[in-house]
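Okay, here's what each chain looks like letter by letter:
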Amino acid sequence: MAELRLTVNGGEHVLDLPVGTSLAHVLREELGLTGTKIACNEGHCGACTVQVDGIPRLSCITLAHAVEGDVTTIEGLRDHPLVEAFVRCDAVQCGFCTPGQVVSAAALVAANAQPTREEIRHSMAGNICRCGTYPRIEEAVLTWQG
Amino acid sequence: MARLIRTEKEVEGRFEEVWLVVEEDPLEQWPAGPLAVVGRPAPRKDAAERVRGQARYTADVRLPGMLHAAVLRSPYAHARVRRIDLAPALALPGVRGALGPGEAHELEEEAGFQGAPVAAVAADTFAQARAALDAIDVEWEELEAVLDPEEAVRRALFTGEPRRHERGDVDRALAEADVVVEATYRTQTVLHNSLETHQATCEWVGDTLHVYISTQFIWGVREEIAEALALPQDKVRVVCEFMGGGFGSKNSPDEYTFVAAELAKRTGRPVRCALTRREEHTSAGNRNSTIQRLRVGARSDGTIVALEGEFTNSVGWSGWNSSTEGPMRMLYACDNVRTVTYGARLNTPPMKAFRAPGFVEGTFGLECLVDELAAKLDLDPLELRRLNYAHSNEGTPFSSKNLEECYRLAESHWERRHALRARSDATWKRGVGMASQIWYGGGGPPSYAWARVGSDGRATIVTAMQDIGTGTRTAMAQIAAEELRLPLDRVEVSLGDSARGPYATLSAGSSTTPSMGPAVRAAAADAREQIEDLAEQRGLPRDAPVEEVVDLLEDAQIVGKGARGPNPTGMSVLTFGVHVVEVAVDVETGEVRVERVAAIHDVGRIVNPLGASSQVEGGIIQGVGHTLSEQRLLDPETGGILTTSLDAYRMPTIADVPEIVCEFVDRPDEHLTNLGAKGLGEPPIIPVAAAIANAIRDATGAEVRELPISREEMLRALREAEERAREREKRGAPAAV
Chain A
1 MAELRLTVNG GEHVLDLPVG TSLAHVLREE LGLTGTKIAC NEGHCGACTV
51 QVDGIPRLSC ITLAHAVEGD VTTIEGLRDH PLVEAFVRCD AVQCGFCTPG
101 QVVSAAALVA ANAQPTREEI RHSMAGNICR CGTYPRIEEA VLTWQG
Chain B
1 MARLIRTEKE VEGRFEEVWL VVEEDPLEQW PAGPLAVVGR PAPRKDAAER
51 VRGQARYTAD VRLPGMLHAA VLRSPYAHAR VRRIDLAPAL ALPGVRGALG
101 PGEAHELEEE AGFQGAPVAA VAADTFAQAR AALDAIDVEW EELEAVLDPE
151 EAVRRALFTG EPRRHERGDV DRALAEADVV VEATYRTQTV LHNSLETHQA
201 TCEWVGDTLH VYISTQFIWG VREEIAEALA LPQDKVRVVC EFMGGGFGSK
251 NSPDEYTFVA AELAKRTGRP VRCALTRREE HTSAGNRNST IQRLRVGARS
301 DGTIVALEGE FTNSVGWSGW NSSTEGPMRM LYACDNVRTV TYGARLNTPP
351 MKAFRAPGFV EGTFGLECLV DELAAKLDLD PLELRRLNYA HSNEGTPFSS
401 KNLEECYRLA ESHWERRHAL RARSDATWKR GVGMASQIWY GGGGPPSYAW
451 ARVGSDGRAT IVTAMQDIGT GTRTAMAQIA AEELRLPLDR VEVSLGDSAR
501 GPYATLSAGS STTPSMGPAV RAAAADAREQ IEDLAEQRGL PRDAPVEEVV
551 DLLEDAQIVG KGARGPNPTG MSVLTFGVHV VEVAVDVETG EVRVERVAAI
601 HDVGRIVNPL GASSQVEGGI IQGVGHTLSE QRLLDPETGG ILTTSLDAYR
651 MPTIADVPEI VCEFVDRPDE HLTNLGAKGL GEPPIIPVAA AIANAIRDAT
701 GAEVRELPIS REEMLRALRE AEERAREREK RGAPAAV
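If you're matching them up, the sequences are chains A and B in order. In terms of the working numbering, the first sequence has 4 at position 4, counting the first letter as 1, and numbering is strictly consecutive. In terms of the working numbering, the second sequence has 322 at position 322, counting the first letter as 1, and numbering is strictly consecutive.
Do not take every clue at face value.
Which residues of chain B face chain A? A few of them, derived with a C-beta cut under 8 Å, are [unchecked claim]:
| no. | residue |
| --- | --- |
| 1 | Pro43 |
| 2 | Val51 |
| 3 | Arg52 |
| 4 | Ala59 |
| 5 | Ser194 |
| 6 | Trp414 |
| 7 | Glu415 |
| 8 | Trp428 |
| 9 | Glu492 |
| 10 | Leu610 |
| 11 | Glu617 |
| 12 | Ile621 |
| 13 | Gln622 |
| 14 | Ser645 |
| 15 | Leu646 |
| 16 | Ala655 |
Derived coverage of chain B by chain A (criterion: at least 3 residues anywhere in the stretch with Cβ under 8 Å from a Cβ of chain A; other residues may be distant) [to be verified]:
| no. | stretch |
| --- | --- |
| 17 | 195 to 206 |
| 18 | 289 to 295 |
| 19 | 461 to 473 |
If you are wondering where the hints come from, they were derived from the structure by calculation, not from laboratory data. Virtual Cβ for every residue (Gly too), placed ideally from N, Cα, C.
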């Protein structure tokens, strides 16, 4: 067990957890933030994407004790205009990958407010959607400002 | 009024004769075309919840005191547990219970495939449960493993009797044909890979078992668990509010549920059993591989006179022999057809339904064969399809069929091929291909819904169905809103819990909308009639706005009920469509790029054009993965699964998506229910592989006959085409293409 200090969506948390615990596990099991999904648990699918200081990170393969920086999860992005864009464009089917998609997209548009289709495809290629909502996601990110 | 009928029930292309209690369906269909709410694009009612991560999936269910289970699986393709000792596992910290073979349904001593479940452990944490599996002491006896489907067929190792169909005189027709084309097609094993893995959390509340499960069929799970555990069905409550994808693989409870239920019973605590992604790759079902030996005979004008197919499905250790021969039997008018379909029983992971099982594979074979015939006769593939148009299903009339209209709408996309081919250069060859689609999707009874209208003029549709991500909540709300003349935002849909609503169909076989939609409309109509009666008593016109009529209800509610009526008797209810695909092939490296897909579908009335387009796009993208990159690899010596992670098993990403154009005929099926709508979940994946392969032939002259069309397969087909061309030159014939 080792002390873990974590800032998540602006809130401070002090926990005592085994070294080696993944950030995704801490978010979901310790903090109850189940918006972050685990679909592969080995860094291949992007469903668990969160931001650390604005940079997308795969929380399932990020060791919680190694996190240096502020964590933002989907719960911290609920009022982001991307949410409305995803709803409007029907960029969601089963929805299991969607929070991770939004977190990735939010990082993209924060760095580049008007990404091209090519830039969206490049930045979002790590987020797998098995339902195939990709054309809608592309549309949502292209038109996120309304 | 309830009525008992004898009818054919179809699920995923499998038929059975059943007695069914149905209710009349007296409502007239609405006129065709967009109405006030139905037929107009509507964003999903639950989209924001899902997008914001607020939707509670089975994976998010956390119950007080909940334990985590892990399952011990066979490392061998075929083996028997000679001796097993669970005690060392039980002695480990955090471990609360363990089960050996025979102690829960589907935990068995004989393991018929690598990944077959044999034992399970429950512990305080999942990590503890996994660690405890390693402590279980097992002595295995390895048994002979049969891994080659052709060997299984030779040895008559089948999952059931081979299925045979014959009409007309195939031998004579082939002998008399002007041209015969013969080819063998192979399709690979692919995995559903729903992002939410198969899982259940079970809790005993008194003598009732509560099952939270990621499922496509709440009522099927309830029935199977009740039967396996010898419980009355009302003592099993099944909950699935939000569901992270199924694609056919989540129609039944399976070992994870039985393990969780039994361990919950033994420990007195809730138990969660969730497959890992790697288990998902070995033990959660697959679209089985196929071998298809096909023959078509035709007259020189293109009239198809004979079709013959020998199909082998590599079913696996268990599962069913899906209708790979279906398209050959049904898609074209042909008097002489002979098929045999073998279900090879192998020591490989069992198949499960996967988005149009059989028809995806069979359409690849048939629609490639038809294009090879067109090439041989130098006929236009679209004209060849029109020439052999089926006007009945082996003599049975269609309830509706607008494939001709699909072909007409396809023309403008098909015409692009001349300009596209002209854009080919020395390296990148471009071409266009097409393939047709036929499938079921008519749904059927029974299914029920209740409609509740309160004094605030809001309505709730209550039914214990599931929304697997297809937008069911929204489509049902649209239908109810239309019937009640309410705006969409005044209608809620309550679903996902067998304890809170009547029986509802499974969400598979493209049946949700055509099965549930008419029941929801009937329930809403029942409520509306009561509201109209009330209006009359208040001296208002019968069509007065609902909120004006119900405002004095106070705590009283209007409750309507509705049931799905019967399907039309003596008619085939089927879905149709056509895809036109544009590809570019790098003839040096074998890279194939799908650049554009035009999809035209005939599925009766479209309830939500926005959600419908999303379904089509999703089906096409899954189809592109199936065609080009996805393949579960198995070691042919040991039966071990080689692709167990999402970097080894390559699914499409956003960077792989072609331009997609989606069109609907949108004509209600006048014979089908009060709605005239058919299902759309499966049709869009069906023609993708054949259309891509046909586009490749158009671009390069190469005949790909095997999925996935990997670079190796593409280069092989290109070499073969070159050799053919060289031989023709030697013989002095003009080179084709």
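Hints, one by one, checked against the model:
1. Pro43: Since chain A brings a Cβ to about 5 Å from proline 43 of chain B, closer than 8 Å, the hint holds.
2. Val51: Holds. Min distance 5 Å.
3. Arg52: holds (5 Å)
4. Ala59: holds (7 Å)
5. Ser194: holds (6 Å)
6. Trp414: Interface hint status for tryptophan 414 of chain B: violated (22 Å vs cutoff 8 Å).
7. Glu415: violated (24 Å)
8. Trp428: This interface hint is violated because 19 Å lies over the 8 Å limit.
9. Glu492: Violated: closest Cβ of chain A sits about 17 Å from glutamate 492 of chain B, beyond 8 Å.
10. Leu610: holds (5 Å)
11. Glu617: holds (5 Å)
12. Ile621: The hint holds - isoleucine 621 of chain B has a Cβ within 8 Å of chain A, the shortest such distance being about 3 Å.
13. Gln622: holds (6 Å)
14. Ser645: holds (6 Å)
15. Leu646: Check passed: Cβ of leucine 646 of chain B comes within 4 Å of chain A, closer than 8 Å.
16. Ala655: Hint on alanine 655 of chain B: holds, closest Cβ of chain A at ~4 Å, below 8 Å.
17. 195 to 206: holds (count 3)
18. 289 to 295: violated (count 0)
19. 461 to 473: holds (count 4)
Of the numbered hints stated above, those contradicted by the structure are hints 6, 7, 8, 9 and 18, listed in ascending order.
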